[in-house]
Amino acid sequence: MGKNLSPLGQLNIRKSVLGLTIGAGAVYLLYKAIRTGMKCQQPLSTSSPTCIARECLGPGGRTWLQEDLLPEASSVGGPKGLAIERERHGGDSGELRRLLNSLENRHDEYTKGMILHNITRCVYLLEAEASACTPDDIMLVGSMLDDKDNSVKIQALNTLKAFSGIRKFRLKIQVLELIATIWDSELHIAGLRLLNNLPLPDFVHPQLRRVMPALMEILQSDYHLAQVQAIRLLSHLAQKNDLLYDILNCQVHTNFLNLFQVKQPGSLLFEVLVFAERLSEGRNTPHYRAVKWHYNEQSLHEALFGEKSRLADRLLALVIHPEEEVQIQACKVIVSLQCPQDIRGRSSSCITGHPCFNSGE
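Once you know that position 169 of the sequence shown is 169 in full-length UniProt numbering, the rest is easy, because the numbers rise by one and skip nothing.
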């Protein structure tokens, strides 16, 4: 009993005490974490998805909470956050309404942009709440297009695009003048995406004619994403009989055919070829050929279909492009150039009278 413990025995005791202490500390920390989590738990089901509109990443990696952005909205009605679970069960979380109400207050540019960003996400995820909005709400968002800060304008355009997907809000939102008067690539992308998502009725055609040169300039810019959106809009407009001549007579740069070079991104090449095919088909219709049209020397028509056009060389090079969809579309353009629509189905041998394919090229 009175024996002294050996050094090895003392070491084992120290290890046991240390292990017990560490284990107890870990259990205590785990208890605190669980207790804190239970205190912060939302009233909704724990299976509810995390609120995507509540937490956003701010400048420098700092996390902004919805409470930081909307202090006046966080105390209004019900739990904070985006209640997707409640939406599934037919409830209304009020999240979108709080954000729209907050937008009416005075904020700095960054806060306005974040509120609009959150509204956009709510519209996409909470269709029932978005459908309950009013035209006044759309006008409120549209008023943000007058903000002096381009980032706010871009977020407002994105929000309007989100609302345009709701059946009751398929509005003829006018953003063409904004695109034509402000030369900003991000603004162009947001505005053109919105326009490509909306039906464009006949009454906006006069305005479209006025901004056609701006659209053509965007197409010939060096910003790929803006070019793709511009060419998609122009391809759609090329199918309108009353706009076809305006597009074909639009002035272009002398190097316009560089858009058909193999080095261009495949996505842009494909859209440019679709555009060329629609223009070719449009000008070959009996309705269009019934009129003798006159084009200026630097027009899109002369660049693509004029006697001095080198479009054939570009198309033949694209027939062996690495991307199959580009190859196929290049072949479609070649066929449309050689075969007018009204004889394509009746003749086994296409007319090869187009300037692009004359002179043995």
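Hints were generated in silico from the structure; no laboratory data involved. Some hints here could point you the wrong way.
Said to hold, decoys possible - Simulated pairs of lysine-lysine, BS3-like, Cα-Cα distance not exceeding 30 Å:
(1) 332 to 308
(2) 308 to 292
(3) 263 to 332
(4) 240 to 292
(5) 332 to 240
(6) 240 to 148
(7) 292 to 332
(8) 263 to 292
Going through the hints against the structure:
1. 332 to 308: Roughly 21 Å separates the two Cα atoms, so the pair holds.
2. 308 to 292: Holds: residue 308 and residue 292 sit about 20 Å apart, inside 30 Å.
3. 263 to 332: With Cα atoms ~20 Å apart, residue 263 and residue 332 stay inside 30 Å; holds.
4. 240 to 292: holds, 18 Å
5. 332 to 240: holds, 20 Å
6. 240 to 148: The hint is violated at about 35 Å.
7. 292 to 332: Since the Cα atoms of residue 292 and residue 332 sit roughly 26 Å apart, the hinted pair holds (cutoff 30 Å).
8. 263 to 292: The hint is violated at about 36 Å.
Of the numbered hints stated above, those contradicted by the structure are hints 6 and 8, listed in ascending order.
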